[in-house]
Amino acid sequence: MTTYIVRRLLLIPVLLFGVSVMIFGMLQFLSPVERSALYVRDFPRNDRAVEGIIKRYGLDLPLPIQYWRWLVGKVDSDTGERHGGILFGDFGYSRTASQPVVDLIKQRFPNTLDLTLWAIVPVISVGIWLGVQAAVHHNGFADQGGRVFSIVGTSFPTFVFGLLMLMIFYANLGWFPPGRSSDWASQVINSDQWRSYTYLLTIDSLLNLRFDVFLDTLRHMVLPILTLSYISWATFLRVTRSSMLETLRQDYVVTARAKGLPEKDVINKHARPNALIPVVTVAGFTVVLLMGGVVITETVFNYPGIGSAAAQAAANLDVLTVLGLALFTGLLLILANLVVDVLYAYIDPRLRLQ
Amino acid sequence: MAESVIAREGFGAGDAIELRKIGWLERFVGPESYRILRALVKTPVSILGFSLIALFVVVAIAAPWIAPPVNPNDPFSMPRDGFRAEPQPMMSEWNRNQPPLPAWWKPIMGTNQWVHLLGTSEGQYDLFYGIIWGTRTAFKTALIVTFTTLVIGLVVGSISAYYGGKLDNVIMRFVDVMLTLPYIMAALILAAVLTPKIGRSLIPAMVALIVFGWMNYARLIRGDILSVKQRDYVMAARVIGVKDNRILWRHILPNAVFPTLVYASLAIGDVVLSFAALSFLGIGTPTGYADWGQILSFARNWITDLSTYWYIVVWPGLALVLFVMGWNLVGDAFRDVLDPRMRGRGGA
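Chains A and B, in that order, give the protein sequences.
Going by our numbering, 445 is the number at position 280 of the first sequence; the sequence numbering is gapless.
Going by our numbering, 177 is the number at position 175 of the second sequence; the sequence numbering is gapless.
Chain B on its own, in the form it takes in the complex (with noise of 0.2 Å):
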């Protein structure tokens, strides 16, 4: 049925026109929105971007196979081998509490010994268990936060963006207080807030970023249902009696909405960074949990010895970084993408 279906693009001179299919895809997310589709997966940056995260999500499905937990009820909790504040060097041997051997371990090492691969952290707690199931809550965290404030930002930008006029001039003000305090200050401050009233655990962290995160999505949407409002199609949908909310629902959203969307999704990078950092001053996640801001934030301890335990902050550094770098990747190439003058040149 949809192979039927033929659009002309361009016209040549004369009779020459360039006949195309278009595929189930491209009828379904309309024209423009499949070019970008099309482009992210054929540029080589937002390949290995790609490759990046994939590889993330493999390690957060696979933790409890790579890195078996020692109780499964609780597997964020990282084990640690005695109370001992030194860290230990990489490869060195499991004593105490030695969580179940991973399978994958015998067939390439021929041993019955676990061992720290990574060596351990401030504590003893183990850097390769934290790391991997790190992966976990980098993902966990990073879609809660970034789903939750682009509903926000959507509601309150589309409403603001809809009604326009004094509602509008109240929420973008609201907007512009919400902006004025750095990001991570004010979230800092919430967060320190939160933590006596609902405990430590991820909860107030997330919460704190949520509540200051959502402002971006707003103006995005805003500016592009602004937009879209002036077109043609909704101008004759209104001409011929529409409903408000039927216009708004079916002619205006599904056409704004579509780079909102993609910028969340590429802002997950950024939730995670800005997460870590909270951990990182010491806001947040208890302490032991598998949470790559908090091991790093081990190492704060250690800085004149840093020569010695480079691997205290080289490992976790560079899951956060690759993660992050992930995201990016996939954003820069989708700048690229929706950067007008690239458009009409097929492809990326």
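Same shape as in the complex, but just chain A (with noise of 0.2 Å):
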């Protein structure tokens, strides 16, 4: 297993300097002034500021220096102070967002990561449940019944699926509105009493003892962890069904079922610890579908996230930012990914004991 994770850890720096180099090669595409949001807030009025402002970032200067200078940023040799920088977390200046795009993410990302850990939780329990279903009444109802859903599923975009749901679910019975609080909700989370403990919503409601406000986020977030997480249980309800199917034909389950032991006990003492190995790795999968699936669910549900922030930004070709979102979605999934394969060589015995 070491060898595994060894070689596994090898390949993130790797990522890191390949998706580091793609996102400042899609810079390159700026002219010199726009690329100037990286260092400074304000924008050049006149042509001699411009010409200073490029010649004081280096932004004419050979593309491996300034590949440097957008990592590290350049300390002012006056006021000691440094100006960009992703390596210390200085993405540049949004002019959309009017502020700086660090900002930005630490004001929508804890709403992203609440919307996604929330889907998590029907993405596998529905998905698994619905594989397992079809697996074990192989070629029954429940399986072409399964294999229907996924077809269906997998035809309908997170548009049109998020569109038809506020269509039915808020326009015509106005029970999930979109958004991410109501008014009165906004406004106690605004107030002085309110403390922010994890920046998540549902939790800090909690947290707060306000179980009017938790409900009432809750009530926002249904339709779009509804939207989120329907992409997924079709891929999980393949992958599950075809591995639980392989397992239901090895030895030890014909053993168990010959000793008697009850069918439920089979399936699920038996078979599904073991079927569920394959499924792990979808699992680092579908954090990547995730993360692409906030961009329209959000947009959709007019949900203040990082995926409607990055759409928001492209359609009014803010390319700074949007390539500051990206960069901040490649790390995480870099580093989530690196966690799906640790735990999947940690479940799997035959790759822990190698």
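Hints are all accurate, no fakes.
Beyond 10 Å from chain B on every Cβ pair, some chain A residues (computed):
1. Ala214
2. Ile219
3. Leu226
4. Val240
5. Ile354
6. Leu380
7. Thr420
8. Tyr509
9. Tyr511
What follows is a set of in silico ranges between Cβ atoms, one per label pair, in the way DEER data are often shown:
10. A/Asn211 - B/Val172: 42 to 48 Å
11. A/Val419 - B/Asn247: 47 to 53 Å
12. B/Glu95 - A/Arg206: 52 to 58 Å
Simulated from the structure, these hints should not be mistaken for lab results.
Using N, Cα and C, we set each Cβ at its ideal position, and we do this for glycine too.
Since each chain comes alone in its own frame, lean on the hints to assemble the complex.
Printed below as a string of structure tokens:
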């Protein structure tokens, strides 16, 4: 297992370097003036100011030097302040959001995390349950139903599904509104009594003992969670089903049945745990899928997360902001995949014992 | 000539050897691919899928007849009945900028008054027109993107697999990097970067989908080539001194390429979906272009009134879902056929 993990660990610098070069490469499509937002807040007004900034931050220097400066920024010799430098957490200034990109991330990311963490619960539980049912009732009603569901499900674009959900549950029934929270709840959250412990609204509202705010938040999150999770159900269903079918043919399952165990125990105790090992590999893929899914889901539901921020910035052609958000997402996904890989190696005894 | 070729299919007991005639198609594509093709045209699921695709092909071809454009030189800009924001209900009459009456309307309805068959969207764009011509946009973008990504993937994957070693390692790490960002996000960025450079058109979104879309083909063909490389006939060719190039082009590629080709043809649905997602997010097509994603994005401003204006979501959404479902149905049948456990069961 050590070699496996070491090999995955060695891949991480490669990925980090690759992704940073990719983002930096796309930055080069921007003019030096547009790129100045990486280092300064104010847009230069006249030609001389433009030239001064280009000179000072070396925006016309050879690419490797610019890349280095993009990474570490530039220390002002007079004030000792550091300008730019993504390694020091400065992603530049977002003109559309009128704040540094990092502040935008700090403000929006907890919302996205809140949404994805909640979405993981139905993604995994429902997806796996559907898959197990389909495999246990192979070629039966549940199997065919699951098949129809997965075809129809994968054919529904996220935004069409989301809009339909809004049409039914918001416009017609008025149950689940879009957005983050109701007006009265936002007033509570912005008031002095409110204390932010985790910045995750669902958890904070519980810690503040405001159950009405918690329910309100949850009510706003039901549709986004549903939209975000159904995309992954089809994938989980398919992988769990085929892995479960494979496992049910193994000798130890036959043995368990032959010694007279009830079918429930055979499936829940012998077959399912082993069948779930390959499913963990999909989890890494699912994290990527979720992060891609939030871009559209958050936009449809007007949910103030990192995905809708990226979509908004892109629609307004604020490339610098989009690239900052993308870089952040990339780092996050590399970490998430590492966690999944280690988890996988730990769960699978065949890998653990190697 | 083809009829004279006879193959053995399984050995029965004693002398009972089943004889089977081989048609020209089977000779042309090989037994394994022939089995797959035959199963595909015989499964109900894939027949349904093919019918849906055929329906859209017909609509795309007959678009000028189903919904004649106002200006035949610019058929992709949706005709609009004025500039008011509110959507107009279904079957309401055309007032301004009425396009030519389609030939099929009079015989069915008996009137000369052309209506907004499916209503209008925000800005009074005619939905029916947009959906019909959107079929052409869908096919056009999907075919170009799929073909280009396939070619890039095939070239990169073959090079990687055939030469192996360090080059293979470098290429595959490059593929890993390209796959780090979620597809839709990466495409969104590139489209946003390109739009100011080349203007609003189909091109920025298409380029973005191509740049971030070829990696799966490269991986797929690489894996298949690696397994074909191990086969005896490749070894035999090498032993008798056939040149590298010829081995690659005559022996390895033809035997490895089929799954990738089919996978690509089925990915058309996904490409349409991603393209629609990009234009839904407001990247790519100019406003008023007949494109399903954009028509759906018009609905974003009317979320509170969707109980009244349901048709601005349901009709374009239905077109998109059915289109993608057609490809997914065929894809699902295909997955079953390719499943090694299904082999030797005669058909699907």
